[in-house]
Amino acid sequence: MKSRDELYWRRLDNSAKIFPISTGKKYSTVFRLSAVLKETVEPNLLKEAVKQALEKYKSFRVKMKAGLFWYYLEDNMKEPKIEEETDYPCKYIDRRRNNDYLFKVTYFKNKINIDIFHSLTDGSSGAIFFKEIIYSYLELKYPKELDEDARRIRKIEYNTEDSYIKNYDKKAKSNASSKKAYILRGKKINLGAISCIHEIINLEDLKRECKKNEATITQYLTAVLIYSIYQENYIKYKGKKPVKVCVPVNLKKYFPSDTMSNFFSYITLEAELKKDKLDTFDKILEFVKNDFQKRLTETEIMKTMSANVKIGNNPFIRPIPLFIKKAVVRLSYIEIRKYTTTTFSNIGRIGIIGKYKDYIDYFLMLIAPEPVEKIKCSSCTFEDKLVFSFTSIIQNNRIEKNFYEFLKKKGIKIEIESNGVLDDISGKD
Amino acid sequence: MIYPEKIKAKKTDKIISILICFSIVIALILLKINHVTTPRIPWAALANAGILYIWITVIYSIRHNVNIAGHVLLQAIVLSALTIYIDYKIGYRGWSFNIAIPIIIMIANITMLILTIVSHKKYIKYAIYQLIIVLFSMLPVFFMKEHMVKNTIFSVIATSISIVNFIFCLVLCTKDIKEAVIRKFHM
Numbered sequence: 001m002k003s004r005d006e007l008y009w010r011r012l013d014n015s016a017k018i019f020p021i022s023t024g025k026k027y028s029t030v031f032r033l034s035a036v037l038k039e040t041v042e043p044n045l046l047k048e049a050v051k052q053a054l055e056k057y058k059s060f061r062v063k064m065k066a067g068l069f070w071y072y073l074e075d076n077m078k079e080p081k082i083e084e085e086t087d088y089p090c091k092y093i094d095r096r097r098n099n100d101y102l103f104k105v106t107y108f109k110n111k112i113n114i115d116i117f118h119s120l121t122d123g124s125s126g127a128i129f130f131k132e133i134i135y136s137y138l139e140l141k142y143p144k145e146l147d148e149d150a151r152r153i154r155k156i157e158y159n160t161e162d163s164y165i166k167n168y169d170k171k172a173k174s175n176a177s178s179k180k181a182y183i184l185r186g187k188k189i190n191l192g193a194i195s196c197i198h199e200i201i202n203l204e205d206l207k208r209e210c211k212k213n214e215a216t217i218t219q220y221l222t223a224v225l226i227y228s229i230y231q232e233n234y235i236k237y238k239g240k241k242p243v244k245v246c247v248p249v250n251l252k253k254y255f256p257s258d259t260m261s262n263f264f265s266y267i268t269l270e271a272e273l274k275k276d277k278l279d280t281f282d283k284i285l286e287f288v289k290n291d292f293q294k295r296l297t298e299t300e301i302m303k304t305m306s307a308n309v310k311i312g313n314n315p316f317i318r319p320i321p322l323f324i325k326k327a328v329v330r331l332s333y334i335e336i337r338k339y340t341t342t343t344f345s346n347i348g349r350i351g352i353i354g355k356y357k358d359y360i361d362y363f364l365m366l367i368a369p370e371p372v373e374k375i376k377c378s379s380c381t382f383e384d385k386l387v388f389s390f391t392s393i394i395q396n397n398r399i400e401k402n403f404y405e406f407l408k409k410k411g412i413k414i415e416i417e418s419n420g421v422l423d424d425i426s427g428k429d
Numbered sequence: 430m431i432y433p434e435k436i437k438a439k440k441t442d443k444i445i446s447i448l449i450c451f452s453i454v455i456a457l458i459l460l461k462i463n464h465v466t467t468p469r470i471p472w473a474a475l476a477n478a479g480i481l482y483i484w485i486t487v488i489y490s491i492r493h494n495v496n497i498a499g500h501v502l503l504q505a506i507v508l509s510a511l512t513i514y515i516d517y518k519i520g521y522r523g524w525s526f527n528i529a530i531p532i533i534i535m536i537a538n539i540t541m542l543i544l545t546i547v548s549h550k551k552y553i554k555y556a557i558y559q560l561i562i563v564l565f566s567m568l569p570v571f572f573m574k575e576h577m578v579k580n581t582i583f584s585v586i587a588t589s590i591s592i593v594n595f596i597f598c599l600v601l602c603t604k605d606i607k608e609a610v611i612r613k614f615h616m
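Protein chains in written order, with the working numbering: chain C, 1 to 429; chain Z, 430 to 616.
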């Protein structure tokens, strides 16, 4: 066992700093990745696979400690826990009950889940670590058929640098909108339950529809989402404020980085549904395409990223003791969150190499809903399936149902899986 | 099926509505019995205050998703100690053992019973506290055995409710209790 002085430690990256300060049972800031395999999961092999993956990705083998001014990460010498899934997804990770780890691996029948606290990493790096667990698990299960050497040559050397600090522009001006967003309304589900509805979409059909509308998949799905919100929530509650959809952006596509820490930013689409009379799907799609074009540029992304880095690096904020930062952020967090209606995170294709694919049915991604952003959406693609997931704390599934029916009417093959907290949307396609 | 079975949101609401209606009926019956039998002693008002207290605790727990079982246990112990202290301080007349502690035990058990019914899928969260509450609820038996109580009626009711509560929970959640005991007491 290493002595206390020998333990490796690192600062939290710029994005990660805010999460432990604001997080709690209501704001878990946890996201989940799941792999649905074609056979039942063996817990013992899974535990071994997690240990092996941690040997390769040591940046995940950490616990969080509180400093005087910021939290930081330190080596964790305990073993990771693997448990059967019993609770709802994306729940707050109680570190004391999780051997201090900031991620939690669970399984249920054919499914392996990893819930990750956002301070540790973002969706794209989380997927790299999760894939390593899946690869290791399958290699342990099928040592003859699958060989680790075949994928070793592809391995990239990752680091844990703060890529925000390396890439931000001190002179960039902020582009943050001052307008508050329309907040989804509806009776909340009791007992801290979270509804999960997964819409498993045929990728070819979806691509065909996107091509017809000259839109990317993210643009098209964002437009369907806004249209569903408009029809099922905005009209009913006579919304006036703009529907603002936060779309996270993987910064590794724009700036050179091999970090396993967070390196994402976001764009926020601002649909003035009432003011601009965006009352049909076609109008909304046209708006989404234009707004994406306007906001998804390196200059705009740099502005958002730099503004956030400047807050974390502000010489007046840095010396404030952690407990005061926590109190202030927690008191103001509900207000801060009122600038977004919902979030839609598309982590894109999850690439699995060679024969490994044959053992996997599909992947899922989920993000935790919050008291203000009561519904959050995410999607990921594996082979010919794109899974669009809704996580919600609203006690009706009208938005989810509208989304499903809209795609179905367009002739897109779609199936539903859910955790059964709300009523069924449909049977199998 | 890619998720463990969960209780449906609408079903929880329905159960809560039924139990609230049931509580109102009980409250009205108690008022009527009180009026007919002992109109000079307003014991039904005390009982209904207890029912109200139970529902405030349960609804708070459901809305905020807190592990209320721990709080119920703590409140039961602290309030019992407080009543004994007050009883002794103002010249011991035995009301703490005769009335107050049995009522506290009844309220704690009924609160736990309702929480178990509305969220039995998450029972493991409450299981260990439930066991301690049941053990704590056996105190009136000790009081009766040691002749510390003159009027045994409240103690008998409190102990009976706690036994019913325990049996009910055993039937509903044996697996969870077993798992909680193994988890907490593993060597």
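It should be emphasised that the hints constitute simulated quantities derived from the structure, not laboratory data.
As the structure is a prediction and not an experimental result, all values here were calculated from the model.
Hints may be right or wrong, so weigh each one.
[Stated by the list, open to error] Within a straight-line C-alpha distance of at most 20 Å, the following computed SDA-like cross-link-like pairs (lysine to any residue) qualify: (1) Lys437/Z - Asp424/C; (2) Lys188/C - Tyr514/Z; (3) Lys443/Z - Gln395/C; (4) Lys326/C - Thr343/C; (5) Lys188/C - Met577/Z; (6) Lys437/Z - Asn313/C; (7) Lys180/C - Gly239/C.
[Unchecked claim] Sample of chain Z residues at the chain C side, in silico, Cβ under 8 Å: (8) Tyr432; (9) Glu434; (10) Ala476; (11) Ile480; (12) Ile519.
[As the list claims (entries may be wrong)] Listed next, with one range per pair, are the computed distances between beta-carbon atoms: (13) Ile455/Z - Pro43/C: 43 to 49 Å; (14) Asp94/C - His464/Z: 48 to 54 Å; (15) Leu508/Z - Asp94/C: 27 to 33 Å; (16) Thr603/Z - Lys56/C: 41 to 47 Å; (17) Gly24/C - Leu511/Z: 27 to 33 Å; (18) Ile513/Z - Pro321/C: 30 to 36 Å; (19) Ile513/Z - Tyr237/C: 36 to 42 Å; (20) Leu68/C - Ile455/Z: 54 to 60 Å; (21) Leu508/Z - Glu272/C: 53 to 59 Å; (22) Phe451/Z - Gly24/C: 32 to 38 Å.
Just so it is clear, CB atoms sit at the ideal spot from N, CA and C, and this is done for glycine as well.
Hint check:
1. Lys437/Z - Asp424/C: This hinted pair holds, its Cα atoms lying about 11 Å apart.
2. Lys188/C - Tyr514/Z: Measuring from Cα to Cα gives roughly 43 Å; hence the hint is violated.
3. Lys443/Z - Gln395/C: Holds: Lys443/Z and Gln395/C sit about 13 Å apart, inside 20 Å.
4. Lys326/C - Thr343/C: violated, 24 Å
5. Lys188/C - Met577/Z: Status violated; Cα separation ~49 Å.
6. Lys437/Z - Asn313/C: violated, 46 Å
7. Lys180/C - Gly239/C: Given that 20 Å is the threshold and the Cα spacing comes to 12 Å, the pair holds.
8. Tyr432: holds, 4 Å
9. Glu434: Constraint on Glu434/Z satisfied, holds at 7 Å.
10. Ala476: Result: violated, 27 Å to nearest chain C Cβ.
11. Ile480: violated, 20 Å
12. Ile519: Cβ of Ile519/Z sits 41 Å from chain C, so the hint is violated.
13. Ile455/Z - Pro43/C: 43 to 49 Å: holds, 46 Å
14. Asp94/C - His464/Z: 48 to 54 Å: holds, 50 Å
15. Leu508/Z - Asp94/C: 27 to 33 Å: Check passed, 28 Å falls within 27 to 33 Å.
16. Thr603/Z - Lys56/C: 41 to 47 Å: holds, 42 Å
17. Gly24/C - Leu511/Z: 27 to 33 Å: The hinted range 27 to 33 Å holds for Gly24/C and Leu511/Z, with Cβ atoms some 31 Å apart.
18. Ile513/Z - Pro321/C: 30 to 36 Å: Between Ile513/Z and Pro321/C, where Cβ atoms are some 43 Å apart, the hint is violated.
19. Ile513/Z - Tyr237/C: 36 to 42 Å: violated, 53 Å
20. Leu68/C - Ile455/Z: 54 to 60 Å: holds, 55 Å
21. Leu508/Z - Glu272/C: 53 to 59 Å: Between Leu508/Z and Glu272/C, where Cβ atoms are some 55 Å apart, the hint holds.
22. Phe451/Z - Gly24/C: 32 to 38 Å: For Phe451/Z and Gly24/C the Cβ distance comes to about 35 Å; the hint holds.
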